[in-house]
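J.: Here's the letter readout for the chains.
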Amino acid sequence: MHWRRWLVPLSALPVLALLAWGLTRDAHTIPSPLPGKAAPDFALQTLSGDSLHLHDLTGQPVLVNFWASWCLACRGEHQVLVDAAQRYGPKGLRVVGVVYEDTRDNAQQWITERGGTWPNVLDIGSHTAIQYGLFGVPETFFIARDGRIVYKQIGPLDPAVIDQWVPKLLASSAAIGPNVPEQPFAQGKSEGYVRTSPDFPATRGTTPPR
Amino acid sequence: MRWTLAVTAILALPGSTSALPFRVPHSAFPVLQGTASQTDTALESRVREVAATLRCPVCQNLSIQDSPSQLAQDMRKVVRERLAAGETPDQVRRYFVSRYGEWVLLKPKASGVNLSVWLLPLVMLLLGGTVIWVAVQRWVARGTSGALPAPGAAGAMRDVGELRSRRSALQASLKELEAEFEAGRLTAADRDYLRQRDQAELTAINEALKQHKKAAPEPPAPTPPSAPAPASGRHVPAAVGWGAGVALFGVVAALSLKGSIVKREPGGSITGTQAGEAPRPTSGGGGGGEGGGGGATFGEIGPLDSLRIAQLEARVRRDSTDEPALIELGHLYLTEGRLRESAQVNMKAVQLAPDAEGTAEAFAHMGMILWSTGEMDGALRSLDKALYLHPDLPEALLYRGIIEFAGRRDMKEAQAMFERYLAVAPPSANTARVKAMLAATRANQTP
Chain A
811 MHWRRWLVPL SALPVLALLA WGLTRDAHTI PSPLPGKAAP DFALQTLSGD
861 SLHLHDLTGQ PVLVNFWASW CLACRGEHQV LVDAAQRYGP KGLRVVGVVY
911 EDTRDNAQQW ITERGGTWPN VLDIGSHTAI QYGLFGVPET FFIARDGRIV
961 YKQIGPLDPA VIDQWVPKLL ASSAAIGPNV PEQPFAQGKS EGYVRTSPDF
1011 PATRGTTPPR
Chain B
60 MRWTLAVTAI LALPGSTSAL PFRVPHSAFP VLQGTASQTD TALESRVREV
110 AATLRCPVCQ NLSIQDSPSQ LAQDMRKVVR ERLAAGETPD QVRRYFVSRY
160 GEWVLLKPKA SGVNLSVWLL PLVMLLLGGT VIWVAVQRWV ARGTSGALPA
210 PGAAGAMRDV GELRSRRSAL QASLKELEAE FEAGRLTAAD RDYLRQRDQA
260 ELTAINEALK QHKKAAPEPP APTPPSAPAP ASGRHVPAAV GWGAGVALFG
310 VVAALSLKGS IVKREPGGSI TGTQAGEAPR PTSGGGGGGE GGGGGATFGE
360 IGPLDSLRIA QLEARVRRDS TDEPALIELG HLYLTEGRLR ESAQVNMKAV
410 QLAPDAEGTA EAFAHMGMIL WSTGEMDGAL RSLDKALYLH PDLPEALLYR
460 GIIEFAGRRD MKEAQAMFER YLAVAPPSAN TARVKAMLAA TRANQTP
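Those protein sequences? They're chains A and B, same order as listed.
Take the first sequence: its letters are residues 811 to 1020, numbered as in my numbering.
Take the second sequence: its letters are residues 60 to 506, numbered as in my numbering.
Note that these hints are calculated values from the structure, not bench results.
Warning: the hint list may mix true and false statements.
[Claimed, not checked] Heads up, simulated DSSO-like pairs for lysine-lysine below, C-alpha to C-alpha not over 30 Å straight-line:
no.	chain 1	residue 1	chain 2	residue 2
1	B	Lys136	A	Lys847
2	A	Lys847	B	Lys168
3	B	Lys471	B	Lys494
4	A	Lys962	B	Lys166
5	A	Lys847	B	Lys166
Could you put the whole structure together from the sequences, leaning on the hints where they help?
T.: What follows is the structure in structure tokens.
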């Protein structure tokens, strides 16, 4: 008979447990499926008009940094990237900027004003951004020598993140994480290509996503 | 009908309505492509279907179909390319899941933890039903066993708890018996008979309890006398109430879940806005643009409107007699404050079919344009014509009301217009403002 008195409070327990689990999670944390997987390949035009193929960088650790000139957070981050390129560039780190939802002119002006010697490619139509599951800028992907994404930074980089991950990327040619990709750089049928889109709206740079 | 997508007007204070105060929410128009060939239409509807199930990464809970942001547009393009390349909608969705995670699906898969959302209401319903069923069974059984004095009944009850609860039930019943008798609802004979019967059973139970104690000197159960004693046979046990509550919760949860995952029309709004409801005011784009829930957006043009304008312009270029395109274009130009262009296309529509009901909207637009350029008489004539063609066109009623209210200060007329507007227009962001103005017209009329 006594167990029945506990029936109602006990039946509330699973509900409470569910609430406790749900309410203590950070709803803004969205697990990305990409770390551990091969970095999506892309071949895009740089600001200076050359073609850059990510696949060509296999064997070197790469930071793929998505940014835009209208992005406020990217301003502070830029100096971190400049420092990282200076410190780790000679040791083999490569940095590739991907210009997101922006115009060539705006991006070029940004680089001219703020420096940076690494190549920046234009992602017209955001194909590469979507390939990388981008939520916004800045986002940075840390890619190991074997072409696998090891870490994804959402939001601006800070020196601590650089110092935490880049030495690991440089130190090891072997796998850092648990998964080893079957082949470096995923190659798909529409996995990035150079394209000059005639339907590219001229106003794009002025209407960044909010 | 198109006019049900009524303009979202800012009807601020009477004096400040000179700015063009409305905009068509982007959700009113699905993204259409200018091309009209059959295959394109089929592809576009598939694109819409898939896009409506994918979450826009830079927005607050919008699908990439509904979002006007650039990234959503680019994602729609990817959807289109992949569908055109022969992928199935599921394959396209899987592609986006592989990039953004399951987060990108607006309707989560019914598996894993998500499954609880689907199953919990069902479980609750079953649980509640069981509780009720058990409670009713016991209640009925107790009622019948209580009807017959059964001296051996106490012996049949093995459970100490059961005996105790029966004992307290009998005690309560005896008390109640006295009360009933004193209230005159029982004859003395009946009272004596029942009391005798209950007391006999009570004695038997006490006897049985004593024997239990002797047989098994278990520590006395810490049952406080205030424990929820099962009520006498005449009262519904509390368990039934609990059970009913739980079952009700299950039903409500199930219904609200069903409502929240109701299948949408392709391109429909994910917030479940029904056709008759007012389209919600839009944010200009992504996450940051949200806020101020019911506030209408003021003169802000989403990229989608520009896109829509370009499409309509292309349609008009191909066929300059495309009246629906002209009228919609007139509306969008007006929204953007491009008065001259709006006037041009509205005039064209008026010339095409001066006396058609559909042209009423063009006259209403013209009225608003004329008023905002200071031509009040012309504006009123134009709105009269609009209301003549379509007596209940909400836009015309609204504009006419505003002009009467803010321009001519004819409160009586304004009141009539606003009342009519509220009667015919579906609830929208304007409703509250019109109500406020209506109150103001009434206040101004009282001497």
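J.: Does Lys494 of chain B sit within 30 Å of Lys471 of chain B, going by the straight-line distance between their CA atoms?
T.: At roughly 15 Å apart (the allowed maximum being 30 Å), Lys494 of chain B and Lys471 of chain B satisfy the hint.
J.: Straight-line Cα separation of Lys136 of chain B and Lys847 of chain A no greater than 30 Å?
T.: holds, 25 Å
J.: Given the hint that Lys847 of chain A pairs with Lys168 of chain B, does the C-alpha gap stay at or below 30 Å?
T.: holds, 23 Å
J.: Tell me if the straight-line CA distance from Lys962 of chain A to Lys166 of chain B falls inside 30 Å.
T.: holds, 26 Å
J.: Going straight from one Cα to the other, do Lys847 of chain A and Lys166 of chain B come out at no more than 30 Å?
T.: holds, 25 Å
The earlier numbered hints are all upheld by this structure, with none contradicted.
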